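K.L.:
Residue numbers (my numbering), protein chains in the order written: chain F, 1 to 329; chain L, 1 to 67.
No lab work stands behind these hints: they were computed from the structure.
Accuracy of the hints is not assured; some may be wrong.
In silico DMTMM-like cross-links for lysine to aspartate or glutamate, where the CA-CA straight-line distance does not exceed 20 Å [stated by the list, open to error]:
#1 L/5 with F/113
#2 F/216 with L/11
#3 L/19 with F/287
#4 L/5 with F/167
#5 F/222 with L/38
#6 F/227 with L/45
#7 F/307 with L/17
#8 F/307 with L/45
#9 F/227 with F/318
#10 L/3 with F/302
#11 F/104 with L/34
#12 L/5 with F/319
#13 F/305 with L/28
#14 L/40 with F/267
#15 L/7 with F/315
#16 L/7 with F/149
#17 L/7 with F/318
#18 L/19 with F/294
#19 L/19 with F/286
#20 L/3 with F/286
#21 L/7 with F/267
#22 L/22 with F/302
#23 L/7 with L/28
#24 L/24 with F/327
#25 F/299 with L/45
#26 F/222 with L/11
#27 L/5 with F/267
#28 L/3 with F/287
#29 F/307 with L/11
#30 F/257 with L/17
#31 F/307 with L/38
#32 F/257 with F/267
#33 L/25 with F/327
#34 F/305 with L/34
#35 F/305 with L/38
#36 L/19 with F/267
#37 L/3 with F/267
#38 L/40 with F/113
#39 L/5 with F/286
Note that this is a predicted model, so its numbers are computed, not measured.
Residue-level listing of the chains:
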Amino acid sequence: MSIVLKAFPMGFLISLDAKNNKISTKKYDLKLEKDNLRLLKVATNFTPAQIPYLMANLEECTQIDANTYQMNNGLNIHWELYNGNYCAVLTMEETGIFDKITNKAQMLVKYSETLFNTFDVILKKNTRDVGSEEIFYYCYNTHYKTKEELLELLKNNNIENIPKQTETEIRFRVNNKNYKYIRKDKKQNFYLESEQKIPLVNILSGQKPITSKTQKTNYTYKETLIKTLNEHGATNIISDEFNVTCEMFGMKLHYSKDFKSDAYNLEIMQITNQSECEQLLQDLDEEYGLNIQDLTYRKILERIKDKNMRLESEEVSDDNSIVLTIDLG
Amino acid sequence: MGKLKIKLLPDGTIEMETKGIKGKKCLDYAKVLEQLADAKAEKIDKTDEYYQDSYLELYESQHLSDN
């Protein structure tokens with residue numbers, strides 16, 4: 001008697017349908033409206049000593065506290081550390097004489113551009129961190145008043161990745177984008193805040209911003225993934241329990257574990273050449289497969305001894321398959 | 001005793017064929033492969049030989065009980 005079978009190592013997601021499938025778009029992929037822009041985060045290449053020097057050189061600027069300044073035009077600048085860089089958190093003042101400004105989103109962009117152009121002139125160089133992303137936060141009013149209403153809404157949209165929920169704030173992730181429902185006090189309705197990251201290189205070169213490419217992979221083994229990335233010359237590989245990030249050919253890759261399928265989702269940023277990106281993904285797929293083949297080969301040879309089996313022969317066929325014939329004794 | 005012919009493909013997937021294993025026992029080797037390779041058998045096809053042997057087994061057991 002005999003059977004033939006096909007098997008998938010656990011290093012793969014069982015369903016190969018996941019391969020190259022884009023994550024389904026849900027209604028939370030909001031169309032970002034320019035008028036809803038409320039906050040900008042801009043990473044810089046400043047040293048700690050340069051910030052007080054630069055701020056002192058700005059005209060019409062008042063220091064509010066140790067890290068916060070306000071320009072006479074209503075632009076608020078708050079300095080904070082973000083991913084190891086000093087980052088300017090820019091907002092428009094919402095109260096007092098600035099109530100009358102109706103197009104605050106446009107003013108925020110305009111005044112922020114002017115501010116950084118001034119910094120560039122003072123330091124005689126580009127002061128933004130070219131390798132970084134600028135983060136745009138958009139706010140939308142909602143009619144929701146309770147946490148329960150929102151949790152029901154998220155449940156109905158099959159959103160399960162909700163790392164934080166309190167009476168005044170619910171954070172969640174969809175398609176590798178961060179969102180949060182937030183309200184300042186219990187009397188108010190919640191508003192929705194959406195985060196969009198745009199590589200600075202796209203902004204500086206005036207290109208149309210490229211939304212990060214996101215797709216599912218069928219990779220499940222972290223070690224094999226890291227080995228594959230290393231073999232492809234990836235740099236700055238950083239990993240934790242659920243994430244692997246690296247840089248390759250000027251692109252930033254972020255693999256994050258999908259708890260439902262156990263496979264990694266991939267977000268690629270700073271894509272400048274679409275076909276180069278597609279080729280890289282194909283190469284990584286092939287390399288990951290070869291690494292799994294090697295891993296499986298070593299496991300089988302090691303384990304047959306414990307089962308009183310014997311390797312009768314092994315050969316490599318023309319298609320680079322390894323054929324093992326095992327005598328069951 | 002029989003043999004297992006295991007093919008490790010470059011895309012990481014595995015194919016296996018059993019040879020010369022008597023009875024339905026050959027199905028047990030799907031489990032063995034899963035243990036050897038940390039894998040999950042996704043598709044098992046019985047060959048013509050499997051059905052031929054099953055028919056013979058059935059015929060033989062029926063023949064014995066008839067007698």
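K.L.:
All the hints need checking, so say for each whether the structure fits it.
P.N.:
Results for each hint:
{"no.": "1", "hint": "L/5 with F/113", "in the structure": "66 Å, violated"}
{"no.": "2", "hint": "F/216 with L/11", "in the structure": "17 Å, holds"}
{"no.": "3", "hint": "L/19 with F/287", "in the structure": "32 Å, violated"}
{"no.": "4", "hint": "L/5 with F/167", "in the structure": "60 Å, violated"}
{"no.": "5", "hint": "F/222 with L/38", "in the structure": "15 Å, holds"}
{"no.": "6", "hint": "F/227 with L/45", "in the structure": "34 Å, violated"}
{"no.": "7", "hint": "F/307 with L/17", "in the structure": "18 Å, holds"}
{"no.": "8", "hint": "F/307 with L/45", "in the structure": "24 Å, violated"}
{"no.": "9", "hint": "F/227 with F/318", "in the structure": "25 Å, violated"}
{"no.": "10", "hint": "L/3 with F/302", "in the structure": "17 Å, holds"}
{"no.": "11", "hint": "F/104 with L/34", "in the structure": "61 Å, violated"}
{"no.": "12", "hint": "L/5 with F/319", "in the structure": "16 Å, holds"}
{"no.": "13", "hint": "F/305 with L/28", "in the structure": "18 Å, holds"}
{"no.": "14", "hint": "L/40 with F/267", "in the structure": "28 Å, violated"}
{"no.": "15", "hint": "L/7 with F/315", "in the structure": "10 Å, holds"}
{"no.": "16", "hint": "L/7 with F/149", "in the structure": "54 Å, violated"}
{"no.": "17", "hint": "L/7 with F/318", "in the structure": "12 Å, holds"}
{"no.": "18", "hint": "L/19 with F/294", "in the structure": "24 Å, violated"}
{"no.": "19", "hint": "L/19 with F/286", "in the structure": "31 Å, violated"}
{"no.": "20", "hint": "L/3 with F/286", "in the structure": "30 Å, violated"}
{"no.": "21", "hint": "L/7 with F/267", "in the structure": "33 Å, violated"}
{"no.": "22", "hint": "L/22 with F/302", "in the structure": "26 Å, violated"}
{"no.": "23", "hint": "L/7 with L/28", "in the structure": "18 Å, holds"}
{"no.": "24", "hint": "L/24 with F/327", "in the structure": "18 Å, holds"}
{"no.": "25", "hint": "F/299 with L/45", "in the structure": "25 Å, violated"}
{"no.": "26", "hint": "F/222 with L/11", "in the structure": "17 Å, holds"}
{"no.": "27", "hint": "L/5 with F/267", "in the structure": "39 Å, violated"}
{"no.": "28", "hint": "L/3 with F/287", "in the structure": "30 Å, violated"}
{"no.": "29", "hint": "F/307 with L/11", "in the structure": "27 Å, violated"}
{"no.": "30", "hint": "F/257 with L/17", "in the structure": "34 Å, violated"}
{"no.": "31", "hint": "F/307 with L/38", "in the structure": "15 Å, holds"}
{"no.": "32", "hint": "F/257 with F/267", "in the structure": "11 Å, holds"}
{"no.": "33", "hint": "L/25 with F/327", "in the structure": "16 Å, holds"}
{"no.": "34", "hint": "F/305 with L/34", "in the structure": "16 Å, holds"}
{"no.": "35", "hint": "F/305 with L/38", "in the structure": "16 Å, holds"}
{"no.": "36", "hint": "L/19 with F/267", "in the structure": "45 Å, violated"}
{"no.": "37", "hint": "L/3 with F/267", "in the structure": "44 Å, violated"}
{"no.": "38", "hint": "L/40 with F/113", "in the structure": "55 Å, violated"}
{"no.": "39", "hint": "L/5 with F/286", "in the structure": "24 Å, violated"}
In summary, the numbered hints that this structure violates are 1, 3, 4, 6, 8, 9, 11, 14, 16, 18, 19, 20, 21, 22, 25, 27, 28, 29, 30, 36, 37, 38 and 39.
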